[in-house]
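Student: Please build the complex by placing chains B and C on the supplied structure of chain A, with the hints as guidance.
Residue-level listing of the chains:
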Amino acid sequence: MLKIEETTVVHDFSPHLYQQFQEIVKRYPVESAKAALLPILHVVQAEFGWLSVDAMDKVAEYLDIQPIEVYEVASFYTMYFLRPQGKYMLEVCRTGPCCLVGAEKIMKYIEQKLGVKEGDVTPDGLFSWRGVECLAACGFAPVLQIGPEYTFYENLTEASVDQLISDLTIKANN
Amino acid sequence: MGRKLLLEHINVPNINTFDVYRSKGGYAAVEKALKTLSPEDIVEEVKKSGLRGRGGAGFPTGMKWSFLAKPEGKPRYLVCNADESEPGTFKDRFLMTKIPHLLIEGMIIGSFALGAKTSYIYVRGEMMPQIRILEKAIAEARNAGFLGKNILGTGYDLELYVQPGGGAYICGEETALIESLEGKRGNPRIKPPFPAIAGLWGCPTVVNNVESIAAVVPIIRDGGEEYAKIGVGRSTGTKLISASGNLVKPGIYEIELGVPVEEFIYSDEYCGGIANGKRLKAVVAGGSSVPILPANLINKTINQEARLMTYESLSDGGFATGSMMGSGGFIAFDEDQCIVRNTWNFARFYHHESCGQCSPCREGTGWMEKVLHRLEYGHGKLSDIDLLVDVSRKIEGNTICPLGDAAAWPVASAIRHFRDEFEWHVTEPKFCLQRNYGLAHYADPLPKPEPVAV
Amino acid sequence: MSEIVKVSIDGIPVEVAPGTTILNAARQIGGDVVPPAMCYYSKLEGSGGKCRTCLVKVSKGSEKDPRPMPKLVASCRTTVMDGMEVQNITSPEVIEARKGIVEMLLINHPLDCPVCDQAGECSLQDLAYEHGAAKTRYEFERRKFERVDIGDKIQLHMTRCILCYRCVFVADQITDHRIHGILNRGDHSEISTYIHQAVDNDFSGNVIDVCPVGALTDKTFRFKNRVWFTKPVEAHRDCDKCCGKVTLWYKGEDVLRVTGRKDAYGEVEEFICNTCRFEQKKTADWVIEGPRNVSNDSVISSNHYGSLNLPPVVKKNLALQESNKEQLERFTRL
Numbered sequence: 001m002l003k004i005e006e007t008t009v010v011h012d013f014s015p016h017l018y019q020q021f022q023e024i025v026k027r028y029p030v031e032s033a034k035a036a037l038l039p040i041l042h043v044v045q046a047e048f049g050w051l052s053v054d055a056m057d058k059v060a061e062y063l064d065i066q067p068i069e070v071y072e073v074a075s076f077y078t079m080y081f082l083r084p085q086g087k088y089m090l091e092v093c094r095t096g097p098c099c100l101v102g103a104e105k106i107m108k109y110i111e112q113k114l115g116v117k118e119g120d121v122t123p124d125g126l127f128s129w130r131g132v133e134c135l136a137a138c139g140f141a142p143v144l145q146i147g148p149e150y151t152f153y154e155n156l157t158e159a160s161v162d163q164l165i166s167d168l169t170i171k172a173n174n
Numbered sequence: 001m002g003r004k005l006l007l008e009h010i011n012v013p014n015i016n017t018f019d020v021y022r023s024k025g026g027y028a029a030v031e032k033a034l035k036t037l038s039p040e041d042i043v044e045e046v047k048k049s050g051l052r053g054r055g056g057a058g059f060p061t062g063m064k065w066s067f068l069a070k071p072e073g074k075p076r077y078l079v080c081n082a083d084e085s086e087p088g089t090f091k092d093r094f095l096m097t098k099i100p101h102l103l104i105e106g107m108i109i110g111s112f113a114l115g116a117k118t119s120y121i122y123v124r125g126e127m128m129p130q131i132r133i134l135e136k137a138i139a140e141a142r143n144a145g146f147l148g149k150n151i152l153g154t155g156y157d158l159e160l161y162v163q164p165g166g167g168a169y170i171c172g173e174e175t176a177l178i179e180s181l182e183g184k185r186g187n188p189r190i191k192p193p194f195p196a197i198a199g200l201w202g203c204p205t206v207v208n209n210v211e212s213i214a215a216v217v218p219i220i221r222d223g224g225e226e227y228a229k230i231g232v233g234r235s236t237g238t239k240l241i242s243a244s245g246n247l248v249k250p251g252i253y254e255i256e257l258g259v260p261v262e263e264f265i266y267s268d269e270y271c272g273g274i275a276n277g278k279r280l281k282a283v284v285a286g287g288s289s290v291p292i293l294p295a296n297l298i299n300k301t302i303n304q305e306a307r308l309m310t311y312e313s314l315s316d317g318g319f320a321t322g323s324m325m326g327s328g329g330f331i332a333f334d335e336d337q338c339i340v341r342n343t344w345n346f347a348r349f350y351h352h353e354s355c356g357q358c359s360p361c362r363e364g365t366g367w368m369e370k371v372l373h374r375l376e377y378g379h380g381k382l383s384d385i386d387l388l389v390d391v392s393r394k395i396e397g398n399t400i401c402p403l404g405d406a407a408a409w410p411v412a413s414a415i416r417h418f419r420d421e422f423e424w425h426v427t428e429p430k431f432c433l434q435r436n437y438g439l440a441h442y443a444d445p446l447p448k449p450e451p452v453a454v
Numbered sequence: 001m002s003e004i005v006k007v008s009i010d011g012i013p014v015e016v017a018p019g020t021t022i023l024n025a026a027r028q029i030g031g032d033v034v035p036p037a038m039c040y041y042s043k044l045e046g047s048g049g050k051c052r053t054c055l056v057k058v059s060k061g062s063e064k065d066p067r068p069m070p071k072l073v074a075s076c077r078t079t080v081m082d083g084m085e086v087q088n089i090t091s092p093e094v095i096e097a098r099k100g101i102v103e104m105l106l107i108n109h110p111l112d113c114p115v116c117d118q119a120g121e122c123s124l125q126d127l128a129y130e131h132g133a134a135k136t137r138y139e140f141e142r143r144k145f146e147r148v149d150i151g152d153k154i155q156l157h158m159t160r161c162i163l164c165y166r167c168v169f170v171a172d173q174i175t176d177h178r179i180h181g182i183l184n185r186g187d188h189s190e191i192s193t194y195i196h197q198a199v200d201n202d203f204s205g206n207v208i209d210v211c212p213v214g215a216l217t218d219k220t221f222r223f224k225n226r227v228w229f230t231k232p233v234e235a236h237r238d239c240d241k242c243c244g245k246v247t248l249w250y251k252g253e254d255v256l257r258v259t260g261r262k263d264a265y266g267e268v269e270e271f272i273c274n275t276c277r278f279e280q281k282k283t284a285d286w287v288i289e290g291p292r293n294v295s296n297d298s299v300i301s302s303n304h305y306g307s308l309n310l311p312p313v314v315k316k317n318l319a320l321q322e323s324n325k326e327q328l329e330r331f332t333r334l
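Protein chains in written order, with our numbering: chain A, 1 to 174; chain B, 1 to 454; chain C, 1 to 334.
Extracted from the complex, chain A is given alone in its bound form (with noise of 0.2 Å):
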């Protein structure tokens, strides 16, 4: 589980990011204010690239309910990461369809190119990548996506895949 220094974390919210969760918070009955839970733990995501137990207590207490039910929910879905992870996180489908046609051969490749294992961070702190289930985009395998926006990369290639590291390691380097 955690790292007990990354229980410690502390992230704070700008007034911004509590204006997010204003505009999410109206989609709903006034009682019924917990369904913005979800959105919300996105839009925390994309600012700290992670869910630290702080930022978690303090969603709960801006929906005015229990950690706990924040903590069971980011544990339940996969796109929530409880534990930092690299800038940049390839998620490579590997499910059926895509295997068919070599996802497992791009995430070999991507494993060598990147030099970590499965949900470790490379060194720099750039790359993350992980084999993720079914993307829905089976007629275009293999494929990977990039949050937090979730770009596509489809019909993936060694080739490709050299392409998309280099010119992420550039964007992230300007």
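Hints listed in this document are in silico derivations from the structure and should not be mistaken for laboratory results. We put the beta carbon where it would ideally sit given N, CA and C, even for glycine. Just so you know, not all the hints are guaranteed correct.
Claimed, not checked - With a cut-off of at most 27 Å between alpha-carbon atoms, the simulated DSS-like pairs for lysine-lysine come out as follows: (1) A:K105 x B:K370; (2) C:K71 x C:K57; (3) B:K191 x C:K43; (4) B:K191 x C:K57; (5) B:K278 x A:K26; (6) A:K108 x B:K48; (7) A:K34 x B:K35; (8) A:K117 x A:K3; (9) C:K71 x B:K191; (10) A:K26 x B:K136; (11) B:K149 x A:K34; (12) C:K224 x B:K191; (13) A:K26 x A:K108; (14) C:K241 x B:K184; (15) C:K219 x C:K241; (16) A:K26 x B:K370; (17) A:K34 x B:K74; (18) B:K48 x B:K35.
Claimed, not checked - Pair ranges (Cβ atoms, derived): (19) B:H441 x C:P70: 49 to 57 Å; (20) C:M69 x B:P429: 39 to 47 Å; (21) B:P429 x A:E149: 30 to 38 Å.
Unchecked claim - Derived coverage of chain B by chain C (criterion: at least 3 residues anywhere in the stretch with Cβ under 8 Å from a Cβ of chain C; other residues may be distant): (22) 77-87; (23) 107-114; (24) 397-411.
Tutor: For chains B and C alone, kept in the frame of chain A given last:
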């Protein structure tokens, strides 16, 4: 060329914008519905159309709408299920990316028919780009007076919101989706009560797939009877098929229900045959949950009749020799694919996606995955094959939601039709990792059933 | 709507109020036709439906719509209809399915009954004894978790948990706020507080009573004794927080454990507070009502009270026969 109802204008540049969509006759169905039809008329038209839910279960949409409880003083909700995550299915992503206004138009008509004042489109969280596309389209529609207060001066108010999911296949199950929309873990509810009685926040709710809602647009525009003219028998209208796997042209195809499967695979109008000149070994016809069929059972039914792309024909022969239409995720396997590996892959998927609420699914999916992993890597035993069949039977039908069935069927059917290949993995453990079992006899014409002596 | 609904369970007719579940209708009949329940708890709203051990077959839906239900249904969450016919132990399909469920519940269970405090009053143990196979077909490593203390009086041993969610419902419905919950999903699901926090409020101890297995145990009783060596005695005290009605579990003259009073289905009659449960362990703290009735089937009854089977000496001795007339009659009747 088959008729296109949903994808007619898909190649028109900028069809994702309101103006272009409108210039192609978009939102005419909303005008017709709100100005000339009563909510009951709309439900009646949808009933007449024979439209069946496109999300997988194939339940008649009109019937579902007519079941909605209408108690005084309680709001009603229409929720669109855009949590598309069934392996092999990617039609909703396509539809929302290319022609978002079609979905919004359908949502307005559906909400009006059901008396909903607030409706939600629950989109799986991974589809952030689609969420942004939809939000932009909703803003455009609102600016044009098709959403918000007093739509088109008819006095009907509707707010439409997009809700992102968090990454869970189970949220495609309607009650899990409702739980998730309420900001909870996506644990399916125990039915009854059904959402039509007590759904979102305890209020009557209808949950429909993206494609079902989009199909309401041509149904209202042209009339339910017109829609029902397309198709065969109880499979009316057109259906989006997501074609993937080892095909020359994978992608989304709108077909008139009733196209022969063989034509769908091999004709240039559709998939254009098997990629790289290989031969077809097997097909999963309706998304990963439905039973897999070997090549010799997919093109023809056991009675030597041509198998058609309809709900009835695909399930002809029951689970013994048939499959299901499901959500229309058509996955083709060429002769180089290993059925054991694929079955393991699917089992891993269901293991990963089980919510863990009820015991047979929570424990059984993991068990099946482990046994299949062992078989795939040549450490299995012959008894494992029967064990898998037995475990799948213990899960099937005994769970809260259909995920248990969906996990059990692919395993049971793969063993039913490809048992030789599973046994080969046990008897030739050295070879099973180096090469594949190949096509074997799976495409051989089936022997004609012998007439039964009386 | 009529006030009374007539149903039959395994051929035994019973009349119940509308809205009663099949399980509760069966409990009105009692005996063997009552389906086992691992997650349902009548005092906890919303519980049930998850473990699937109470599955039954509805062979006739109702008088109005006699069609059978297509699948087995969870009896704890399915309400009866007038004229409904239910098969429980008379349906081989149900027995087979239940056996399957027990197997599923056991594949990741540590089977550490010899060192588990719950042994002897464990629902899973009873269920496995009745429906389980003697041998497992599961050949993989079992799921394991570290033991954690949630509060100074309660230990959570997640490895034994069957995820019935009862303790979550207790925290939601009996205590003022919930600190523990279900984290992760699928077979990685676990009961946890996420970051180590003590579950600490006046009624938290009830999670121990509702736990059907040995996942949540009383730290003041851990490894003190096997439950079948202790004598249950009913007692009460004036408590300003709860009803104060409890069962004291004696070993000799010592109160080893205090629990709520459990009925025939293992459910407490009333929830008790932590003061009564953990801190009042002297006989002087209590008003003793008398020995608790223990079911003859229970392992706890094995060393105590009147046993059902009369010693052979009674049957041979005329004088003893006379003085044990009542028991002897019952014995021959059975």
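Student: None of the hints should be skipped; say for each whether it holds.
Tutor: Each hint, compared with the structure:
Between K105 (chain A) and K370 (chain B) the CA atoms are separated by roughly 22 Å; this keeps the pair inside 27 Å, and the hint holds. With a CA separation close to 7 Å, the supplied pair K71 (chain C) and K57 (chain C) stays within the 27 Å bound. Taking the CA atoms of K191 (chain B) and K43 (chain C), the gap is about 20 Å. The hint holds against a cut of 27 Å. Distance check on the hinted pair: K191 (chain B) and K57 (chain C) sit about 16 Å apart at the alpha-carbon level, within 27 Å; holds.
For a cut-off of 27 Å, the pair hint linking K278 (chain B) to K26 (chain A) is broken: about 55 Å separates their Cα positions. With a CA separation close to 52 Å, the supplied pair K108 (chain A) and K48 (chain B) exceeds the 27 Å bound. The suggested pairing of K34 (chain A) with K35 (chain B) is violated, with an alpha-carbon distance near 36 Å, which exceeds 27 Å. Distance hint between K117 (chain A) and K3 (chain A) is fulfilled; the C-alpha atoms sit about 18 Å from each other, no more than 27 Å.
Pair hint K71 (chain C) plus K191 (chain B) holds up; C-alpha atoms about 12 Å apart against a cutoff of 27 Å. Under the criterion of a C-alpha separation no larger than 27 Å, the hint pairing K26 (chain A) with K136 (chain B) is consistent with the structure, at around 18 Å. The suggested pairing of K149 (chain B) with K34 (chain A) holds, with an alpha-carbon distance near 25 Å, which does not exceed 27 Å. For the given pair, K224 (chain C) sits about 44 Å from K191 (chain B) by alpha-carbon distance, which is inconsistent with the 27 Å threshold.
For the proposed pair K26 (chain A) and K108 (chain A), the alpha carbon gap of about 45 Å is over 27 Å, so the pair is violated. For the given pair, K241 (chain C) sits about 32 Å from K184 (chain B) by alpha-carbon distance, which is inconsistent with the 27 Å threshold. A threshold of 27 Å between alpha carbons decides the hint, and for K219 (chain C) with K241 (chain C) the separation of about 22 Å falls inside it, so the pair holds. Our distance criterion of 27 Å between C-alpha atoms is broken by K26 (chain A) and K370 (chain B), whose separation comes to about 46 Å.
Proximity of K34 (chain A) to K74 (chain B) is assessed by CA-CA distance (about 19 Å); at most 27 Å being required, the pair is judged to hold. Of the supplied pair hints, the one linking K48 (chain B) and K35 (chain B) holds, its CA atoms being roughly 20 Å apart against a limit of 27 Å. At about 35 Å, the CB distance of H441 (chain B) to P70 (chain C) disagrees with the hint of 49 to 57 Å. Checking the proposed 39 to 47 Å range against M69 (chain C) and P429 (chain B) shows it holds: the Cβ atoms sit about 44 Å from each other.
For P429 (chain B) paired with E149 (chain A), a C-beta distance near 45 Å fails the hint of 30 to 38 Å. Three residues within the 8 Å Cβ limit are the bar, and the stretch 77-87 of chain B against chain C gives 0, so the coverage statement is violated. Counting residues of the stretch 107-114 of chain B whose CB lies closer than 8 Å to any CB of chain C gives 0, so the stated coverage by that chain is violated, three being the minimum. Interface restraint, the stretch 397-411 of chain B with chain C: holds (4 residues with C-beta to C-beta distance below 8 Å; minimum three).
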